[in-house]
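Convert by adding 30 to the 1-based position in the sequence shown; the result is the number in the working numbering.
Worth flagging that the hints you see were computed from the coordinates, not collected in a lab.
Any given hint could be a false lead.
Label-pair distances were calculated between CB atoms; the ranges are [what the hints assert, rightly or not]: (1) ARG73 / GLY170: 49 to 57 Å; (2) GLN65 / GLU162: 34 to 42 Å; (3) VAL76 / GLY117: 41 to 49 Å; (4) ARG80 / GLU167: 16 to 24 Å; (5) ARG147 / GLY170: 46 to 54 Å; (6) GLN130 / GLN65: 19 to 27 Å; (7) GLY170 / ARG80: 54 to 62 Å; (8) ASP61 / ARG169: 45 to 53 Å.
Note that the Cβ used here is the ideal one computed from N, Cα and C, for glycine as well.
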Amino acid sequence: MTTVRVPSGAAPARGRARPLPAGGADVEAIDRTLQALAEPTRRAVVGLLRDGPQRAGDIAAALTMSRQAMSRHLRVLRHAGLIRTVGADEHEDARARTYQLDAEPIVALHDWLGDVRAFWGAQLQSFKAQAERVARERRGER
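Start from the sequences, fold in the hints, and give me the full structure.
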């Protein structure tokens, strides 16, 4: 389990950090993935690449964006490991580079979210059991 510190002003009850399961995930990689996908244009690029590899110039044209602006978005997605170049030399003309999705960061994010969902599911089950116990006690049941 990884302990996540809550920023001041949003501290949980009794000022303790809440544990969130990491499931062995590289938390920094998860952070890079979430940061990269937080921007709508980059999510659109990922959406385009779901259909298969595409050249940088074609991606820019599809999103009606300058090649320079697209280059910055592609760099962020590459740094996060979400996309990679295929069949191209890194020194090749950037407009001709072909990009494809790399599923690994998405799979890691999916697994991490499953761990978080399981954690909160258990917390909510515990809360429900306690609320039902209190309700029965108030009604005089056991």
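Checked hints:
A hinted range of 49 to 57 Å holds for the C-beta pair ARG73 and GLY170, which are about 54 Å apart. For GLN65 paired with GLU162, a C-beta distance near 40 Å keeps the hint of 34 to 42 Å intact. Look at VAL76 against GLY117: about 20 Å separates their beta carbons, and that is not inside 41 to 49 Å. Between ARG80 and GLU167 the beta carbons are some 53 Å apart, a value that contradicts the proposed interval 16 to 24 Å.
As the Cβ distance of ARG147 to GLY170 is approximately 36 Å, the hint placing it in 46 to 54 Å is violated. Distance hint check: the CB atoms of GLN130 and GLN65 are about 21 Å apart, consistent with the given range 19 to 27 Å. At about 58 Å, the CB distance of GLY170 to ARG80 agrees with the hint of 54 to 62 Å. For ASP61 and ARG169, the Cβ-Cβ distance of about 47 Å falls inside the hinted range of 45 to 53 Å, so the restraint holds.
The structure shown violates the earlier hints numbered 3, 4, 5.
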